[in-house]
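Quick note, the sequences are listed as chains A and B, same order. Using our numbering, read the first sequence as starting at 1 and increasing by one per residue. Using our numbering, read the second sequence as starting at 1001 and increasing by one per residue.
Keep in mind the hints are simulated off the structure, nothing from the lab. Do not take every clue at face value.
Stated by the list, open to error - Cut-off 27 Å, straight-line C-alpha distance, at most; resulting in silico cross-link-like pairs (DSS-like, lysine-lysine): (1) Lys1121(B) <-> Lys1147(B); (2) Lys1330(B) <-> Lys198(A); (3) Lys198(A) <-> Lys1059(B); (4) Lys112(A) <-> Lys1283(B); (5) Lys1121(B) <-> Lys1283(B); (6) Lys1059(B) <-> Lys1172(B); (7) Lys1172(B) <-> Lys1147(B); (8) Lys1234(B) <-> Lys198(A); (9) Lys1399(B) <-> Lys198(A); (10) Lys1121(B) <-> Lys198(A); (11) Lys1283(B) <-> Lys1330(B).
The structure presented is a predicted model; accordingly, all values stated were derived computationally and were not measured.
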Amino acid sequence: MYKKPLPTEIRLLLVLLPLMAVLTILSPRFLTLDNLSNVIWSICIIGILSSGAIYPRITGGIDLSLGAVVALTGIIVDMLMNKFGIHWIPAIMMTIVVGALIGLFNGFIVAKIRVPAFVVTMAAKTYLYGVALVVSQGAMLAILEPKPFIQISTGRFLGLPNPIYIMVVLATISQFLLRRTAFGRQVMAVGSNEVAAKLSGVDPDRVRLISYTLSGATSAVGGVVFASLTQQVFAAAASGVELEVMTALVIGGTSAVGGKGSVVGAIIGAIMVAFIINGLNLLNIPAPFHPIVTGVVIIVALIFNQGSIDGFKFGGLLRARKPGSQA
Amino acid sequence: MSSSIDANAKNSGNLLECRSVTKSYSGHVVLDAVDFSVRPGEVHALVGENGAGKSTLIKIVTGATLRDSGDIIYEGKVVPIQHARRDAEELGIAVIYQELSLIPGMTVAQNIFLGKEPLLKGLGLIDGKRMNAMAAELIARYDFPLKPTDLIDTISIAGRQLVEILKALSGKASIMIMDEPTSSLTKTEVELLFRIIATLKAEGISVLYISHRMEEVYALSDRVTVLRDGKLVKVLDKEDISPAEIIRLMIGHKLDETAVQHQLACKDGPVVLEVRGLTSVGKFQDLSFDLHEGEILGIGGLVGSGRTELVRALYGIDSFDTGTIRYLGKPWTPSVRASITHGIGFIPEERRLQGILATQSITRNIGIASLDHIAPRGIVKIREEDRRSVQGIELLNVKPPRPEQFVGNLSGGNQQKVVLAKWLVRDLKLIFIDEPTVGIDIGAKEEIYDHIRKLASSGVSVVLVSSDLPELTRLSDRVLVLRQGKFFKEYKECTLTGEKILRAASGILEDDNV
């Protein structure tokens, strides 16, 4: 009798597959290896960033600084390797630590000083861009060495580009963390009801600190992959990518008010965002229209996801309060 | 819809008639062929446990939810299935919402006439003077203590409820539905509401009244409809209404007639919690008491007397200024984390705001306080998590018994059971319980009482804070009454009545402690 609603992930696939079919019909170039491998890069970047950015989002916050972190960490990894002559492996490690520390700092301000995450990370986005400008002296730096570093993103393993593996590994870890660990349970609980979580022994501040730290760390991984892929770093690189990540998260069913989310959903969201942007390019739709389409897609995704938990998300704002909710 | 239904409807003499109304949510039947009727000018109470289908029935009548099948006849006309809230309003069905739907920044008059303001002739502008005059006239007619120009923010909850009533009366209202109207009112305000209901009745307006408070139902109603598990149990006429009968019909088995008085028992097992001179400036002063093993210690007092503050401090949510606590014989500095790991639980007073994770499953809600067992090394043992969830659901008879169900979608009683289950699956020694049954129907209440008693008899010590006097007297082995942050009176080994507690809470000393 009781029918379980389809999981968000399956519902997303039911949208994704027709989307791909439509793009295939509309543009003969869509289903070519050349085009698909182009799309794969953006999927990987968005996917890598989403697997960390999902945590602040589920706690009810947001990390808007991740585009700036991508650019800054790209510059840092380049300088560590090419200015200070550090071997690429420790250089990457150090860069990820820097990203994590930036996240930790964001988390600290959000959790301890109780400033809304939107404001904190918006400010971080701004000053990190400034730091990136200072460090890079405003220049666009090309990365030609070391070769193994370049290989990180441009190389292939079993015929597939390396970033796919990086994304799959990070997303898998992230999904495991979210679904199968005490920390994952605590993140969900804090996002759902911070007070109730606290009374049940969860430390919301600690959960927030870790969440933003994770987001910072995956942003640094994104920075490394992006630098290796484009072989150039500059302060404005990847600017605006945070919006694509937030779109992927929203499409993937991560609640904008917290307490709900799926990494698999976010990856499917990343694929959809990448395909939509790619489709707009293929169909020669002028660039100014792209943000319009993205905006509409976010709204549609919100409406689409709203039905899943009646009355606890946007539905609650749209509908009048019902009587008897206390009873 | 056959024409015979129309013909019948006209003859039935009912204002509102529901026939075989059925509704199910994802396969779960919440209303099963329910017949229900309201006569013109009667006060009709709709009672039943949470989950009995009261709210669903009301939602169907007011057009907030669509029924699956069945007929609704209003003033002799068949109401179509596709029936929206606006249609219900046009028919004259008015609802006074529990959570008020007024606009805070606007005046009483502006709220009453919202969307139907009188306009200046020829202009599309609101005639403010006329609107205020009309509001004043309406207020005078019912003799409400309101002014048309009062801002909603500045008037009390009870006052706002009156505005809601006027808003409904300013339109066409032949039936007024009140869902738990007294839950946030003081005693005098309740009396005013009762007078208003009498006035409405005298004007020929039917009142459909939903309440958990038996004495109100008893005092007010001309007829009572009892629902249980989505089915109609019985419709009682005025002469057959008695609280015992209603409760019996609601929960389906005969309750023992519990006396009004309760004999307090003395439990003098080992001391579990020893509190000495506990003070939190501005909240409570110099509180000392011992709590014994398996004892239920009731904390009485008016709202604001420091009861909640005391248990919050003892559990470790808020810090205190001076005083010492010993727990199980050792000095104890409370913190939420330490409390939980050492077998202390806490049930907060505001279920929705502090108790449940609404967007999470029953399993996650029960599991969140037991992560030390479910994920001892950080990785969740799904089997253990599920086992505890099923254990909790079975132990407390949570309905529906689906571990993956979101707790936000459960009824209030079942939500509270989940909050309780969270602690009962743990190895408890002490639990602080603050207002365990607010807004919960009588059946779930009794079940929760049973569990609290069972806990105590298994050796768990309980500190129970409650404003519900019968609850406090029935459950407690001993009662301490707080007044203005200090213990005013202790009741032990005596016969206790709610009245005694209330008198002590209000500062009246009695010399007979018998």
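Quick rundown of the hints versus the structure:
1. Lys1121(B) <-> Lys1147(B): Between Lys1121(B) and Lys1147(B) the Cα gap is close to 25 Å, so the pair holds against 27 Å.
2. Lys1330(B) <-> Lys198(A): Holds, at roughly 25 Å.
3. Lys198(A) <-> Lys1059(B): 35 Å, violated
4. Lys112(A) <-> Lys1283(B): OK: Lys112(A) and Lys1283(B) at ~25 Å, within 27 Å.
5. Lys1121(B) <-> Lys1283(B): Distance ~58 Å between Lys1121(B) and Lys1283(B) Cα, so the pair is violated.
6. Lys1059(B) <-> Lys1172(B): Holds. Lys1059(B) to Lys1172(B) sits at ~19 Å (cutoff 27 Å).
7. Lys1172(B) <-> Lys1147(B): Distance of about 22 Å is within 27 Å: holds.
8. Lys1234(B) <-> Lys198(A): 44 Å, violated
9. Lys1399(B) <-> Lys198(A): Between Lys1399(B) and Lys198(A) the Cα gap is close to 26 Å, so the pair holds against 27 Å.
10. Lys1121(B) <-> Lys198(A): 59 Å, violated
11. Lys1283(B) <-> Lys1330(B): Satisfied, since the Cα-Cα distance of roughly 25 Å is no more than 27 Å.
In this structure, the hints that do not hold are numbers 3, 5, 8, 10, in rising order.
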